[in-house]
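Modelling step: build the complete structure from the supplied sequences, incorporating the hints.
Protein chains in written order, with this note's numbering: chain A, 1 to 157; chain B, 1 to 157; chain C, 1 to 157.
These are computed hints drawn from the structure, not numbers from a lab.
A hint or two may mislead.
Intra- or inter-copy, both count: the list cannot distinguish identical chains.
Calculated pairs, DSS-like style, for lysine-lysine (alpha carbon to alpha carbon, straight line, at most 30 Å) [said to hold, decoys possible]:
#1 Lys-136 <-> Lys-93
#2 Lys-40 <-> Lys-79
#3 Lys-93 <-> Lys-61
#4 Lys-61 <-> Lys-136
Values in this document were obtained by computation on a predicted structure and should not be read as measured data.
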Amino acid sequence: MTGEITLERILALQAAYIRCIDHDELEAWPDFFLDDCLYKVTTAENYRLGYQSGIIYADTKNMLIDRVAALRQANVYEKQSYRHILGLPSIVKNGGAEAECETPFLVVRIMHDGQSDIFATGVYLDAVRAAGNDLKFAQRIVVCDSSRVDTLMALPL
Amino acid sequence: MTGEITLERILALQAAYIRCIDHDELEAWPDFFLDDCLYKVTTAENYRLGYQSGIIYADTKNMLIDRVAALRQANVYEKQSYRHILGLPSIVKNGGAEAECETPFLVVRIMHDGQSDIFATGVYLDAVRAAGNDLKFAQRIVVCDSSRVDTLMALPL
Amino acid sequence: MTGEITLERILALQAAYIRCIDHDELEAWPDFFLDDCLYKVTTAENYRLGYQSGIIYADTKNMLIDRVAALRQANVYEKQSYRHILGLPSIVKNGGAEAECETPFLVVRIMHDGQSDIFATGVYLDAVRAAGNDLKFAQRIVVCDSSRVDTLMALPL
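As structure tokens, this is what we get:
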């Protein structure tokens, strides 16, 4: 099972990733990434223009661990919750031990009064690699469709 | 095919379930469950607090059959329609003949005037069992993110 | 790989189709269809009533190529973008070399000011056929839930 990257394994990875976040198990979130990785949140416009910076930028797993710590500290009182809904992943390139895939996402925000709205949509541009029995992200670029992305985001995307 | 529970079979089950509801084939809906089952609709808050009751509670397939009959009777004139969109299922535990999985959902309500809004989001907490060539639900707990869930729901979730 | 139509191949087809549209690679969109095909966009109400016409109707791939050309010409300045999110496909009939399947969809519209709303929901009623290593659409009927569908649609569904 180590070698080959199949659609089934990618489906499982994507589902486990958002389950981790929506269950508020943020401490486990960095484990989806390789030690050396690229995690970036950007907008469609900036991505199209080739801007490298991003709203959020991390190139090691340790930076993701730090980010979770910061989120936990900032998170005084959370009035809303979120629900990630993923569309179907598309494998763009599959080299066997590493694959590139794209997965559309939708995040719904549920306010304390029960009202729900669309918080974000976009696409994950991923490079995944087999690491033992698991797949890990070598790269996840989160391209948000809207240019109005909350930079104080209370959760990872 | 009887024995093993695969991601592919779970995908097929989840898709067939919401197809049944969105096609308004409610009379076929109880057949997705075992005779002895647990079907419960609750809120994230009540679920977290460990409340057992739920907005809707049924522990036999017969109770689900009764519920469909009640919905059909109450349903004088339906002004809105609904569309279920499922995210990717995550298999949490797989014992071969029984598996636990979680699937995020989004229900959009389409009003008679054409306006659409988010009716509900949440996650299905399922226990599925192989029953002949089919998979059936031994348990489906529908955890709605919002605490504002319409208790007069005109359709199953 | 030519012959059999599996859920995995259908997932891949569906994901590739919406990726093509959301990447604005509309010129590649007709290639998802057989030369003789049926592509129709209609509403749930008209579909239920058995109306054949549809909002958009094409029965050859060439008509789809023409449609893309028309969209490109009309598309002076695009103020909004769109994101397709697909639910899980359900295989309704599988004859080996041809299969019928249904896939729920949600399209979110992202306005220039960053506001997002639900543009359309509905279901794809597809007949897919193995064509060499690919699957192609022999039929795609796009049934929109809302009767308020923009006939000047700036993108394919």
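Comparing the hints with the structure gives:
{"no.": "1", "hint": "Lys-136 <-> Lys-93", "in the structure": "both (16 Å within a copy, 20 Å between copies)"}
{"no.": "2", "hint": "Lys-40 <-> Lys-79", "in the structure": "both (26 Å within a copy, 26 Å between copies)"}
{"no.": "3", "hint": "Lys-93 <-> Lys-61", "in the structure": "both (24 Å within a copy, 27 Å between copies)"}
{"no.": "4", "hint": "Lys-61 <-> Lys-136", "in the structure": "within (11 Å within a copy, 40 Å between copies)"}
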